[in-house]
Amino acid sequence: MRIRIINHLSEISQVHATLKEYATGQGIDELILNKICIVIDEILTNIIKYAYVDDQQNHIDIECRVEPNRIHITFEDDGDEFNPLMYRIPDPHVSIDNKTVGGLGILLMKELTDEIDYIRSNQKNIVTVVMYLN
Amino acid sequence: MNLKVHTNNNIKVISVEGDLNANTSGDLETKLIQLIMGGNIKLLVNLDALNYISSAGLRVFLVANKLIKKKNGSLRLCHLNSTVKEVFHISGFHMIFEIFDTESKALKDI
Numbered sequence: 021m022r023i024r025i026i027n028h029l030s031e032i033s034q035v036h037a038t039l040k041e042y043a044t045g046q047g048i049d050e051l052i053l054n055k056i057c058i059v060i061d062e063i064l065t066n067i068i069k070y071a072y073v074d075d076q077q078n079h080i081d082i083e084c085r086v087e088p089n090r091i092h093i094t095f096e097d098d099g100d101e102f103n104p105l106m107y108r109i110p111d112p113h114v115s116i117d118n119k120t121v122g123g124l125g126i127l128l129m130k131e132l133t134d135e136i137d138y139i140r141s142n143q144k145n146i147v148t149v150v151m152y153l154n
Numbered sequence: 008m009n010l011k012v013h014t015n016n017n018i019k020v021i022s023v024e025g026d027l028n029a030n031t032s033g034d035l036e037t038k039l040i041q042l043i044m045g046g047n048i049k050l051l052v053n054l055d056a057l058n059y060i061s062s063a064g065l066r067v068f069l070v071a072n073k074l075i076k077k078k079n080g081s082l083r084l085c086h087l088n089s090t091v092k093e094v095f096h097i098s099g100f101h102m103i104f105e106i107f108d109t110e111s112k113a114l115k116d117i
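Each protein sequence line maps, in turn, to chains A and B.
Under this note's numbering, think of the first position of the first sequence as 21, with each following residue one higher.
Under this note's numbering, think of the first position of the second sequence as 8, with each following residue one higher.
It should be emphasised that the hints constitute simulated quantities derived from the structure, not laboratory data.
All C-beta atoms, glycine included, are put in the ideal place defined by N, C-alpha and C.
Just to be clear, a hint being listed does not mean it is correct.
Said to hold, decoys possible - Pairs of lysine-lysine, DSS-like flavour, derived with a Cα cap of 30 Å:
no. : chain 1 : residue 1 : chain 2 : residue 2
1   : A       : K55       : B       : K78
2   : A       : K130      : B       : K73
3   : A       : K69       : B       : K92
4   : A       : K55       : B       : K77
5   : B       : K112      : A       : K69
To be verified - Now the stretches of chain B that chain A is said to cover, found in silico as 3 or more residues with beta-carbon under 8 Å:
no. : stretch
6   : 22-30
7   : 60-70
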């Protein structure tokens with residue numbers, strides 16, 4: 021499954037809808053699907069918020085494929101270099117007075133995926149995630 | 008995402024249906040702030056029909072909880088599915104919020 025969106029938060033729901041239809045057709049159960057949706061939300065939000073500093077319209081390509089025991093998703097954008105894996109993960113044990121949500125998305129994407137990788141290639145950010153299905 | 012609000016023993020119960028993500032969380036934030044600023048300082052959010060929550064959704068609960076605590080109120084949550092529970096545990100949010108299995112348990116002694 022491939023989908024191209026522009027760099028706007030409202031586009032994320034289109035990715036969710038397309039992926040839900042594809043993954044359900046591939047027999048992916050709802051529990052995994054919900055986690056996939058969270059990971060997609062976090063990664064695309066990061067790209068849209070941090071990889072594009074101008075107001076230009078740009079494209080983000082998402083490719084998803086289901087293999088026998090895993091689902092593999094690649095996100096490719098032509099924004100500024102932005103590696104979400106470099107950011108500090110918050111301590112989940114801090115008190116509410118000190119709690120902020122900065123970095124929580126990155127914590128979730130790391131914890132909910134089994135493999136996550138970032139490379140910068142040909143002026144593009146490429147984030148690849150793998151989630152095991154068993 | 009759909010939001011429904013009903014009143015149970017003077018407590019506003021907000022039922023959230025669908026997905027709580029970067030795209031939808033603003034609507035919930037607006038609703039919760041509106042209720043709190045309107046003097047409703049005892050709120051229960053029923054997540055029975057919520058599929059999943061991302062960090063944008065967590066942020067809304069954090070903002071609402073901080074606001075309601077300042078007014079000596081209480082924000083409770085109930086009916087979290089396994090995905091939502093997992094997100095609360097990963098983020099440490101399960102230690103911040105009062106979470107109940109059912110709406111009736113959550114409404115006791117609020």
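Notebook entry, point to check: Can you give the numbers of the hints that this structure goes against, from lowest to highest?
Noted result: 1, 4 and 5
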